[in-house]
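Participant: Residue numbers (the working numbering), protein chains in the order written: chain A, 3 to 363; chain B, 3 to 363; chain C, 3 to 363; chain D, 3 to 363.
Derived from the structure by calculation, the hints contain no laboratory data. Errors might be hidden in some of the hints.
Since copy identity is lost for identical chains, a pair holds within one copy or between any two.
Straight line, CA to CA, 30 Å or less: simulated BS3-like cross-link-like pairs of lysine-lysine [claimed, not checked]:
{"hint": "1", "residue 1": "K326", "residue 2": "K7"}
{"hint": "2", "residue 1": "K7", "residue 2": "K144"}
{"hint": "3", "residue 1": "K7", "residue 2": "K259"}
{"hint": "4", "residue 1": "K259", "residue 2": "K326"}
{"hint": "5", "residue 1": "K316", "residue 2": "K144"}
4 protein chains.
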Amino acid sequence: MNTIKINLFGESHGEAIGVLIDGLAPGIKIDLDFMRAQLDKRRAKGAISTPRHEADEPELISGFFNGHTTGTPLCIMIRNSAQHSGDYAATKDIPRPAHADYSAEKKYLGYQDYRGGGHFSGRLTAPLVAAGAICMQILASKGIHIGSHILQVANINDQAFSDDVSTLAAEIAALDKLYFPVLNEATGVAMVAAIEEAAKAQDSVGGIIESAVIGLPAGIGEPFFDSVESVLAKLLFSVPAVKGVEFGLGFGFAGLKGSEANDPFIAEAGEIRTATNNNGGLNGGITNGMPLKLRTVIKPTPSIGQPQQSVNMKTAEPVQLSIKGRHDPAIIHRARVVQDSMIAIGIVDLMTARFGYLWQL
Amino acid sequence: MNTIKINLFGESHGEAIGVLIDGLAPGIKIDLDFMRAQLDKRRAKGAISTPRHEADEPELISGFFNGHTTGTPLCIMIRNSAQHSGDYAATKDIPRPAHADYSAEKKYLGYQDYRGGGHFSGRLTAPLVAAGAICMQILASKGIHIGSHILQVANINDQAFSDDVSTLAAEIAALDKLYFPVLNEATGVAMVAAIEEAAKAQDSVGGIIESAVIGLPAGIGEPFFDSVESVLAKLLFSVPAVKGVEFGLGFGFAGLKGSEANDPFIAEAGEIRTATNNNGGLNGGITNGMPLKLRTVIKPTPSIGQPQQSVNMKTAEPVQLSIKGRHDPAIIHRARVVQDSMIAIGIVDLMTARFGYLWQL
Amino acid sequence: MNTIKINLFGESHGEAIGVLIDGLAPGIKIDLDFMRAQLDKRRAKGAISTPRHEADEPELISGFFNGHTTGTPLCIMIRNSAQHSGDYAATKDIPRPAHADYSAEKKYLGYQDYRGGGHFSGRLTAPLVAAGAICMQILASKGIHIGSHILQVANINDQAFSDDVSTLAAEIAALDKLYFPVLNEATGVAMVAAIEEAAKAQDSVGGIIESAVIGLPAGIGEPFFDSVESVLAKLLFSVPAVKGVEFGLGFGFAGLKGSEANDPFIAEAGEIRTATNNNGGLNGGITNGMPLKLRTVIKPTPSIGQPQQSVNMKTAEPVQLSIKGRHDPAIIHRARVVQDSMIAIGIVDLMTARFGYLWQL
Amino acid sequence: MNTIKINLFGESHGEAIGVLIDGLAPGIKIDLDFMRAQLDKRRAKGAISTPRHEADEPELISGFFNGHTTGTPLCIMIRNSAQHSGDYAATKDIPRPAHADYSAEKKYLGYQDYRGGGHFSGRLTAPLVAAGAICMQILASKGIHIGSHILQVANINDQAFSDDVSTLAAEIAALDKLYFPVLNEATGVAMVAAIEEAAKAQDSVGGIIESAVIGLPAGIGEPFFDSVESVLAKLLFSVPAVKGVEFGLGFGFAGLKGSEANDPFIAEAGEIRTATNNNGGLNGGITNGMPLKLRTVIKPTPSIGQPQQSVNMKTAEPVQLSIKGRHDPAIIHRARVVQDSMIAIGIVDLMTARFGYLWQL
């Protein structure tokens with residue numbers, strides 16, 4: 003991150019979590035209702051989510067005055083309220099498989115706040131959504147829109163985003179209204195059923211989120227080291243559970259020939275564009291004016307109720323671990339708005355690098 | 003990049019290309035033969051590569067004295083010698099499909115050096131290999147080894163890296179000796195044949211590179227925003243033609259359940275490790291002591307001899323484009339050492355963040 | 003700032019002010035009593051300070067668990083409590099001379115929180131003192147001690163720090179106990195009288211603060227652009243009212259010859275040191291093992307009760323301005339601990355760059 | 003440095019020295035004659051400088067095409083040609099007083115290139131002047147002009163810059179034509195005589211450089227940590243021999259009252275400005291539209307012919323050191339253009355942060 007400096011703080015069972023954003027222009031009228039609506043998309047709801055329900059009310063501590071950004075560092079804090087810290091003390095030396103417990107123990111030398119995953123809890127993504135809401139608002143005012151849907155859960159696949167820009171715009175607009183974001187409603191029903199089934203089996207599922215950005219001008223990106231892919235991947239790989247990121251055809255490029263993969267250039271009414279969009283709107287790490295397309299894979303939630311094999315970190319004794327607590331059989335529907343948010347932050351950073359922060363107004 | 007600051011300069015048909023690295027400790031004895039051997043892996047050879055052959059002799063301009071690093075910024079320069087600049091002038095307004103020509107025109111307002119892809123040429127990866135050689139040397143002296151092989155070309159698949167650490171170590175050591183790096187020799191023969199066939203058809207192929215790192219301690223990584231995945235993906239997505247990066251099972255996580263995907267913890271002789279390594283050695287963005295595993299997809303080389311559809315950027319007239327020049331039907335075998343280099347740079351950065359630069363000695 | 007990333011947030015009359023510090027090692031036992039004692043040195047007291055008295059109780063929101071740092075970003079918040087916001091509304095379009103009101107209006111386009119100087123209030127230095135307390139504690143545990151005294155107020159001069167290291171150590175230790183920090187007690191009495199006199203005249207005074215650091219090893223500093231002078235000056239010039247920074251003899255070098263200014267090297271019991279310390283412990287931007295010495299000038303507090311000439315920013319009409327509010331006739335005695343704190347932050351950054359963050363333990 | 007990333011490389015007696023600048027806009031037509039003229043101001047000439055004369059011809063290795071910047075990293079290299087490396091080998095273990103020899107030995111563990119001061123040689127400022135020339139050219143095209151003069155050498159004082167903006171503009175223009183930059187010609191003659199006298203005595207002199215910038219808009223600066231003072235001081239304190247930096251009245255503020263020091267606001271033809279400019283064009287770390295004024299102190303050149311006391315770093319034996327080589331009795335006249343350059347780099351950085359890099363065009 004360069005022009006937009008963002009840092010995240012807090013632990014799942016501490017007093018509060020929050021985000022500090024520097025680099026916003028003064029004079030942005032913040033739409034708090036939109037911020038709350040975005041946070042609502044991340045909220046746990048129904049049988050497909052954890053029963054831990056948090057109010058997640060964002061408090062704008064600084065950098066905000068009379069309804070607008072001031073241009074000084076903006077701190078958003080969200081208080082923690084629904085902690086059951088007792089759930090974790092008994093198992094603090096037993097690392098949960100596929101969680102950060104063991105690697106954090108090694109990095110933080112045992113001083114990490116282990117309660118509820120501490121700094122590694124998915125809860126930390128709530129302030130990112132609040133920050134992302136401001137960035138999405140900035141982008142929307144410039145005609146740049148971001149949308150994500152669940153392309154896959156378990157082995158159920160949604161249809162991919164349309165290659166037609168106006169259809170894609172409609173798809174993005176429609177997704178904004180959905181808590182469980184899919185393009186094909188029937189697919190969504192099947193996915194929810196699969197998640198509920200996993201929940202009953204005290205198990206969890208993973209999946210793939212597909213995102214698209216429309217309205218980006220050509221010429222954005224700062225290679226060599228700050229290509230659009232680099233900037234977005236750095237942000238997306240910071241999100242817990244993301245284990246892969248691909249742009250355009252992504253891993254689908256592996257089996258293709260150049261003659262199949264290359265996007266021919268054409269002109270429509272004097273405007274240059276590509277006939278296909280296999281490269282996902284990016285050439286050489288720079289936008290080419292076509293919709294930006296990317297996909298991430300979200301691994302299955304590591305916390306499951308089924309007994310698992312672990313080890314006591316102090317004694318190296320084997321332990322049969324059954325995670326009680328309150329957990330999500332799937333996080334992919336909640337992760338979607340986090341993904342939108344990270345993309346928004348990255349794009350505001352890249353646009354600001356090129357146009358200066360007054361561009362945000 | 004934080005503790006290791008690296009910047010790349012130069013254009014394909016300019017006087018020279020180079021890299022400036024800051025953050026190296028003083029007193030590292032640089033093995034120039036190893037650096038040359040690494041550059042040799044990136045060199046174009048045979049019918050599977052471009053006929054443009056460069057000497058690629060690295061000159062250490064600064065930060066190097068009496069055979070050792072001095073600790074001041076180290077500049078490595080490689081002169082350009084085999085340019086045929088005339089090849090490009092005629093087509094400077096005709097963007098090559100899937101190349102950076104058009105997006106660079108938009109970003110650089112027409113002032114970019116368009117000859118041979120300029121700053122976007124694959125040639126720019128040569129100085130990265132030179133810088134990476136120093137980082138690989140540092141890591142090797144600590145027992146940390148990196149290796150990559152071609153997992154897929156066209157639709158031919160090599161076997162994956164072994165899950166057994168000592169077998170994996172042997173595989174990495176063997177790859178170091180190969181110009182066309184595969185684990186299964188017969189696979190390699192088939193892949194080379196597929197590339198030669200594409201060359202004859204004036205076409206190109208893509209593929210997948212799998213990398214592994216052994217010897218990493220647990221506890222490395224700087225989440226939230228500098229997770230190991232974030233740091234490595236940022237570097238890898240800067241490499242031309244990389245369109246996807248995944249860690250551990252990567253996109254394979256999408257169809258799995260938590261009970262299938264989670265890596266159980268076990269203890270062997272008092273040492274904690276995981277029974278499987280689906281997470282590729284990373285939990286919560288931090289190393290867990292298991293081998294780090296990742297894969298990138300390399301899209302088919304965009305430069306192909308077959309006629310393609312393009313547009314004159316000045317007139318918006320359609321143009322039938324046949325790229326003459328000298329190009330690679332595949333770059334995946336040459337990209338392998340670039341991938342090793344980028345991983346090495348990222349890991350030295352992360353280790354230095356934790357242990358200070360004197361650790362490098 | 004590199005290895006220690008610090009950011010400051012909040013406005014004088016907002017809900018809270020705070021600091022976010024990233025880069026601290028896990029496992030530092032934070033001495034909250036020391037932090038409070040440091041904040042107490044910055045507190046307004048007596049006739050020489052503003053009557054606005056704040057509780058300034060630091061809340062450690064994150065990165066702190068069971069009495070120790072966790073190694074994740076540490077957020078310290080201090081609530082604002084004693085605001086009289088009504089004082090400012092009437093004069094928001096009348097910039098106070100030598101304050102940031104006018105330049106902030108230009109930079110923040112009128113969206114700044116103008117109440118009490120907003121983000122530019124001296125209040126913002128309180129969280130810096132809290133952060134600095136942690137850094138001073140780290141340094142003290144390594145035998146590195148920082149002290150500052152008022153070298154000049156109005157035209158009254160304190161004696162300079164001793165050139166003898168053990169005398170200097172005693173001076174630093176003694177200063178820690180003083181609210182009005184001077185080496186010569188009688189000088190302090192005269193300075194306080196001068197400040198009280200200025201207060202009666204509804205005026206204010208400036209002065210010079212001299213600082214020293216003992217116990218620094220030779221070889222710290224990251225030239226070219228992160229010389230010790232560069233790192234410390236960048237931090238010190240961020241403190242409101244600092245208009246000059248000099249190291250060693252500073253501006254006194256202007257009239258000297260090389261033969262007078264150069265510090266000869268000598269050896270004492272096999273240890274190399276310099277016979278004099280005109281360079282203030284720094285050669286080539288790197289510590290040489292001698293005490294680091296620097297001075298800053300603190301301009302007179304801009305807020306004075308006397309009528310001053312200003313202009314209405316909206317109408318460009320001239321205005322006679324009499325600042326009511328509650329202000330400090332001098333801030334130099336309160337600024338001393340801010341200066342100590344900034345130096346401490348800078349030195350922990352430089353030490354961490356060299357030795358890694360585990361050095362902090 | 004944020005939007006303009008600059009790094010310096012090379013050693014005094016290596017193959018070349020150079021600078022890498024990233025963040026320049028594409029399409030800046032570089033005036034190479036101006037760059038050479040700037041380098042000429044830094045060149046050693048006459049009896050007041052070292053007899054080591056270098057060609058200092060800048061080579062633009064990258065980022066430059068058809069006479070314009072391309073927008074990719076621009077590398078400027080200057081070959082070393084006139085080295086007498088034999089001068090230094092004999093004394094490599096004898097640190098020269100007030101030089102970086104000893105502190106560099108500690109930092110670089112003996113691996114530094116010790117010849118001619120290596121990376122710490124004043125020669126390293128030549129590439130900074132080349133980079134600064136580009137920045138000054140950008141600024142001049144926006145009506146922003148920078149000038150510096152020698153305010154003091156030994157105990158001889160030049161007149162200070164005028165407080166009248168149009169007089170100041172004329173002074174800055176006139177300084178551009180002088181190799182020995184003073185406002186009062188007679189003063190310059192006396193200063194040169196003092197330097198020649200020091201040269202005869204095998205000694206050296208220090209002094210003060212005063213700089214001014216006109217044409218800056220109000221509202222530039224990025225507090226809290228990137229105040230204009232912070233950004234410029236960080237750069238200026240990186241220049242060898244600078245031991246103090248002050249803005250506006252600087253240390254002169256210490257003896258003043260607020261009523262004397264504050265700059266009243268007035269309006270002239272609807273334009274707001276200050277009646278005086280004691281704050282040197284900066285309030286709260288942000289420009290206020292008045293001329294920016296600063297001064298640095300340049301310590302006497304440490305290399306002098308007179309015998310000096312030193313110590314053998316290997317044996318800790320005392321040594322009488324007589325520096326032979328070829329040295330400058332004063333560097334202040336050569337340092338002037340370095341100071342202009344550093345200020346230019348800092349201001350382009352700050353302007354680009356606010357307006358984006360396209361502003362540079």
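Participant: Out of the numbered hints, which ones does the structure contradict?
Facilitator: 1, 3
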